[in-house]
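Residue 1 is where the sequence shown starts when you use the numbering used here, and the numbers rise one by one after that.
None of these hints come from the bench; they were simulated from the model. Any given hint might turn out to be false.
Dumping the calculated BS3-like pairs for lysine-lysine here, alpha-carbon to alpha-carbon at most 25 Å [claimed, not checked]:
1) Lys7 with Lys24
2) Lys185 with Lys174
3) Lys27 with Lys7
4) Lys2 with Lys56
5) Lys270 with Lys174
6) Lys264 with Lys74
7) Lys2 with Lys35
8) Lys74 with Lys2
9) Lys270 with Lys185
10) Lys2 with Lys24
11) Lys174 with Lys264
12) Lys7 with Lys35
13) Lys7 with Lys56
14) Lys2 with Lys27
15) Lys24 with Lys56
16) Lys27 with Lys56
17) Lys35 with Lys56
18) Lys7 with Lys74
19) Lys24 with Lys35
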Amino acid sequence: MKDHLLKLLREQSSAYVSSEQVCKSLKVSRAAVWKQIQALRAAGYEIEALPHYGYKLLAVPDRLYPAEIAWGLKTAVYGQNVHYFNRVESTNVAARDLARRGAVDGTLVVAEEQTGGRGRLERGWFSPAGGGIWCSLILRPPLLPSEVAPVTLTCAVAVRRAIQQVAGLEVQIKWPNDLLLDGRKVCGILTEMSAEMEKVNYIIIGMGLNVNIRTEQFPPELRDAATSLLACGGREYSRCRILQRYLEQMEDLVALWMTEGMEKILAEWKQYCVTLGRQVVVSTVREQFAGLALDVGSQGELIVEDRHGVRRTFWAGEVTLAGNRAV
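Between the sequences and the hints, there should be enough to build the whole structure, so can you do that?
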């Protein structure tokens, strides 16, 4: 009932919706309508109520409510089923539980705040309430486990496009799963998979994007390494609009990947990559390897050549940029 009422108010946002019209549409009493109006106000919606005129929606809250995500979202599958949390330990943990219980392809888990957000290598991810987009997308693609690796590249391109469309900021990509603004991390991607020998059960793509976090809000130890759209763009941005554009771009790019392969997506990823053509140090659990980052393959593997001409291929690792891009 509350979602239906909100839809009525949105559809006539420039005019008042009479109590009679609302009651007739919802098939409820005036008292029931008033109860839902109060519930919407408690959720942060600004609604004007005038005798003889009715109700008018004046403003919506900066919250990632399912109704807000759905309004204007142009996807067929992604984000059509949303699980919203005000606070959660980790959206990836919540998504994993939902995926195990049969959550459908394209299910989105989103939270206003994470108390135990994670990045790669079990590092914590600063996820303050209302400061960013903390979400996880559940995918069930018809792939073999060996074919899943490009999903992180695809996600990076989707996020970059969404930021450019909404904020007009030029984001760069750093292998394997970071997005940068002014050389500092603005977004991280964490991909998990459940699979059998010849079948992918599900993929979870966790995405943490710093949107409206002021520089002084970051913990001191992160201020030199992390940034936000607000810090770089000088103004606040609609988290909901960015999330909608991300879901739309992700759905389009995954469809392109499934039908035409990774060639076009990889070319776009490379266009904005700050890793290639640079002297780098790749750190893995076993070693460190220094050299020139030559290329990234179709499965997301990084190819590095050291000063002796020895080439190594890395499927995972931590990259430190050690030099300027080669001409």
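Checked against the structure, which of the hints given earlier come out wrong?
The structure conflicts with no hint, since it agrees with every one listed earlier.
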